[in-house]
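The task is simple: from the sequences and hints, build the whole structure.
Chain by chain, the residues:
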Amino acid sequence: MTEIKLATSNVEVRENRLGSIANYIGDVQNLHDCARCGTLRDRGNCFTQANSCANIEALVISLARIRNVAIINHGPRGCVANAALPYAFNRAMETAQFPNRTVYIGTDMRESDTVFGAVESLRETARETVRRYQPEALFISNTCTSAIIGEDIDALVDELKGELRIPIAAVHCEGFRSKIWATGFDVADHAVLTSGIIQPPRETRRVINFKNFRESERSRITEMFAELDVTPQFLYCGSDVEQLSHLSESLATVTICDTLGTYLGNVLEQQYGVPYVRTISPLGVTGFETWFREVARLAGREEKAEAYIQRQREIYLPQIEEIKKDFQDVECAIGMGPGFTFEISRVLQELGFKVIHGISWHFDSSYDHGGEPESLRYLAENGANFPFTVSDNQNHEQSHILKNAQPEIYFTRHPGSSVWAVKLGIPSLFVSDEYAFFGYARLLQTAKTIRDTLKNRSFVNALSAHVKTPYTDWWYAQNRQDFMKEVL
Amino acid sequence: MAAILDQPRSKCALAAIQTAQAIPGVLPILHAGPGCAYKLVGNRGTSGRFAANVFPCTNVGESEIVFGGEEKLRENIQSALKVIDADLYMVFTGCTTEIVGDDVQQIVESYADEVKPVLYVSAPGFKGSNYLGYEWVLEALIRQYMQDAPAVRQGLVNIWGGVPFQDPSAVNDLRVLESLIAKLGFQPNTIFGNGRGVNNVNIVPAAEYNVLVSPWAGLSTMKLLKERFGTPFFHYPVRPVGAVETSAFLRAFARFASVDAALVEPVIASEEDRFYYYLEQWADSFLEETVTSQHFSIAADAYTALGIAKFLVNNMGFIPEMQFITDDPPEEYREAISKYFSDNVSGIPMPILFEDDGYQIKETMKRLDYVDKPLIIGSFYEKQVAAELRGSYLETAWPVVERRIIVSSYVGYDGGLRLLEDLTSPAVKTEGRMVYF
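Chains as they are written, first to last, in my numbering: chain W, 1 to 488; chain S, 1 to 437.
Everything labelled a hint here was simulated from the structure, so no lab data went into it. Hints may be right or wrong, so weigh each one.
To spell it out: a stretch of chain S is covered by chain W in this simulated footprint if at least three of its residues, at any positions, have a beta carbon under 8 angstroms from a beta carbon of chain W; those stretches are [said to hold, decoys possible]:
(1) 1–11
(2) 149–161
(3) 390–402
So these bits of chain W aren't anywhere near chain S, every CB distance computed over 12 angstroms [stated by the list, open to error]:
(4) Thr8
(5) Val13
(6) His74
(7) Asn82
(8) Arg177
(9) Thr204
(10) Ser239
(11) His246
(12) Glu321
(13) Lys325
Cβ atoms here follow ideal geometry from the backbone N, Cα and C, with glycine treated the same way.
This is the structure in structure tokens:
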């Protein structure tokens, strides 16, 4: 179990905390063995391409989704070049029930600021932001530039807490800190935990904390949970400071993605005794039933869950069985964050696909409870094995793998990844919705979409016939292992 | 000095990787943080051959901050030359590596003997915006790559316009400007967009003239080209939208290049005939929907705002309220820019504010008297104030989030008509399958 340090504003990066790595070439069984024995060492790569950073994941993908707060990202203007996205996202998610006036602000650090510092300007920006928008909480974050020059955002946060009278937290998410951008998720959780937003429990409420990204299944999950007499509290979009203040009083925490949920879930369990559900995730039939039964057990409503499962099975299983016939032994590859790569590989195998290569953007040897990811354990112990690569969304590696393995379809998440399979003439399904394989109905719906993706290849054929790969033939003929190198 | 940055309308200098990206065959190599390219390029309409996730990047981490990143950069350039098939490689330094002080120039110079050129651009984000970074990329090409031409090629004209990707249709605008210049008997040369590339960069020094269509961005490049190759330049500050301005542009260039009026006037007459044929057809709608005489504000960079404002005021009878210039032009250009806005054939001056703070723009707009429902033109951020003022709204300045600009341009005669299509179509809005990240 990792040690939780809520007294400091900073959370240990994943490579130190969870033994996370960003480079690996091998297979599922070997990865499982190495993770269990603790022999997994990260390696370097002689060639790297641009990817993402913890700053993006902590702010735009996490904290900026909380309703009615302000984020101040302290750095040069490029660090908030994507500032429109949280506004666009929040407008798209907004409903009459959940209006959102969250703002995402920069500080426009200039050259002289890198010499003389800009904490005073940052203080003024914080005051002005609160004056303009009256946020319910304020998050002040570091970028590479402000962190290198040693801006003391912790001291500023301490001062402002007294002055502004709202929860405030420092967010240490400078991009160079961690090679694993998923560290940004933990930094965001840590900021919520240290901001003073979450209050110690005064009662237990029949609420289940649900850590996810885009909550496309909000209404279905709300109905499903109602059968267990519990209410979901989705995190972070749709949640506001008042709702977050009660997280410690919930019956349990669940997540759609262990990579996303591990830190908050485990801290709430360790600090406040809120159980964190660590089953395989509710994707596919097996995953859903395993997960839902555990949720029902914690809610004390096992019988109701069984009744729900029976009803759903009767409606959907015959249809799912029927469509599975289209997928028997169809060869596929998958590239996603580690949680989804393992979970969705499991589901694809359940549908009849043959997974011929898995790629995950990083790999966590353990999660914050100290154990191996359940998603990998389940795969490995159920005999699954296929070639596996850990590569941080490295386009040249994905292209190499796809060109040489020639799967019939490539499943991927994360912007900019699906198009490259299509350019190589391989149909690709962009699984941006984390609920694409959730439960019975969405599994069936997505199975139909997969069928359609395989059915009409006109776009794939037309585009791939008219584009030129950025890579040399030399690269496609290389052994990728030769580019790996030992690092200290 | 640092200050509140609320709804930014430009990016940092490192976003000049997009200027490089707009020249086919040119590959940016970043010596910068892992998330820089993703933040600066985004993922809408950017999956061309050299997309952001193809860019080599040293993904600077803690060890490069502490021990320096020169070795990692060498390794990455070395590999990039073998792995990626580009015509020209351009190494960009970001904030981190500039602060740490890696000697990138010396590393890049060590590749001077490579078959493919490797250039170097210092573009830390704290040094300025991408409007400046755009010129630094051109400067690198001029100083580190371009060779003196053996002779001037008569009739060859380089055309320079808006900042690629920052002005969402800058590259499309160049296509129109090329065809306009070609109508006067010249051979246009541009370096950005489909079918262009390093071959076009190669002949820049041989041109008879450079033409810059932009209020200020690009001016130092024109001066540098003149200094380096002796090429005279023609500066036309207004992006010509619609008949009045486009005809003025053609006449002005013809005067500059001593083109016979007998050649120019028939071209203008035929283009105007076409433009006014359509304007006549649709004049009923514009008049009966009281589109003309509508009061408007634009919040955009000088390039976008000036061109559209001139068209509305000098060609279409609109009434200007305050215009907001968001690209923070250097002080030395500001007086001239104000004059471009005030000096109108319609005799109606346009007040402007140099303002890039979204909150101030919004609050100022709310205090203006637009008489009736206003027309608000700007970025995604102006959507909200347009709705509050119950006005009509066109999203055409960065950041553009909810519109797709693929091949269209507002430049030229047809461009003016295209703008009218976008401005006056009763809003047909359907919920798209937008996915945001």
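Enumerate the violated hints, using their earlier numbering and listing them in ascending order. Going through the list in order, the structure violates hints 2, 5, 6, 7, 8 and respects the others.
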